[in-house]
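Chains as they are written, first to last, in the numbering used here: chain D, 824 to 938; chain C, 47 to 159.
FYI, nobody ran anything at the bench for these hints, they're computed from the structure. A couple of the hints might just be wrong.
[Stated by the list, open to error] Just a few of them, taken from the derived set where beta-carbon distance is under 7 angstroms, the chain D residues facing chain C:
1) Ser828
2) Phe868
3) Gly930
[As the list claims (entries may be wrong)] Each pair of labels, with its calculated beta carbon distance range:
4) Ala124(C) <-> Phe889(D): 22 to 30 angstroms
5) Gln903(D) <-> Arg101(C): 46 to 54 angstroms
6) Ser881(D) <-> Thr72(C): 17 to 25 angstroms
7) Ser115(C) <-> Pro884(D): 45 to 53 angstroms
8) Asp880(D) <-> Ala142(C): 34 to 42 angstroms
9) Thr836(D) <-> Ala125(C): 41 to 49 angstroms
Every residue gets a Cβ at the ideal spot worked out from N, C-alpha and C, and that includes glycine.
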Amino acid sequence: GAGVSQTPSNKVTEKGKYVELRCDPISGHTALYWYRQSLGQGPEFLIYFQGTGAADDSGLPNDRFFAVRPEGSVSTLKIQRTERGDSAVYLCASSTQHGANYGYTFGSGTRLTVV
Amino acid sequence: KQEVTQIPAALSVPEGENLVLNCSFTDSAIYNLQWFRQDPGKGLTSLLLIQSSQREQTSGRLNASLDKSSGRSTLYIAASQPGDSATYLCAKKEGAGSYQLTFGKGTKLSVIP
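Same shape as in the complex, but just chain D:
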């Protein structure tokens, strides 16, 4: 597609539930990133995919968070046993070659609210 698409745009869930957030990157972009932005803060890195593999998941806060990209295109961020502190905007970005020349293109994000 023309841009990075994220669905849903908003998600409200109850504490303890499981959620999946989807990211559809720009066609041909091999690199895909997930960031989390809490209120009043800048985005913080969660995980990076190069192709199908997670090259770096050091930003995932704990083992409740997991992400996949099985075919090297669409990625899903999965959060188990959600907590109120997980409430944030989850941003996905894609790029070519680690954004070396053209930077990163971000999606509009998924606003997750855990009640």
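Since chain D is already given, all that's left is putting chain C on it; use the hints.
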């Protein structure tokens, strides 16, 4: 730990004014620096990307500069308009093989008609 600081946190100017947003970083290792715009409840829109070998980039009324030695970047907006109202974020990429961006908290700009 790398830190990126943006000052001021918020700025309000009358329409038509020229303004400068500041971004500073503690680690001089930098590959490129990117400025983004974020509208309320929205994602990030890339504005300008400056490679470490460059000193500035221009796009329309926007001009971004980079001074590696002082660890600073500025975003200059000429003839501000109400439609420029948004939060502006800078993000640093440390090295060619690095893929993480380190963001500042942003400057919230309000342009008053």
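Evaluated hints:
no.: 1; hint: Ser828; in the structure: 10 angstroms, violated
no.: 2; hint: Phe868; in the structure: 5 angstroms, holds
no.: 3; hint: Gly930; in the structure: 5 angstroms, holds
no.: 4; hint: Ala124(C) <-> Phe889(D): 22 to 30 angstroms; in the structure: 46 angstroms, violated
no.: 5; hint: Gln903(D) <-> Arg101(C): 46 to 54 angstroms; in the structure: 47 angstroms, holds
no.: 6; hint: Ser881(D) <-> Thr72(C): 17 to 25 angstroms; in the structure: 20 angstroms, holds
no.: 7; hint: Ser115(C) <-> Pro884(D): 45 to 53 angstroms; in the structure: 35 angstroms, violated
no.: 8; hint: Asp880(D) <-> Ala142(C): 34 to 42 angstroms; in the structure: 21 angstroms, violated
no.: 9; hint: Thr836(D) <-> Ala125(C): 41 to 49 angstroms; in the structure: 44 angstroms, holds
Hints 1, 4, 7 and 8 from the earlier list are contradicted by this structure; the remaining hints agree with it.
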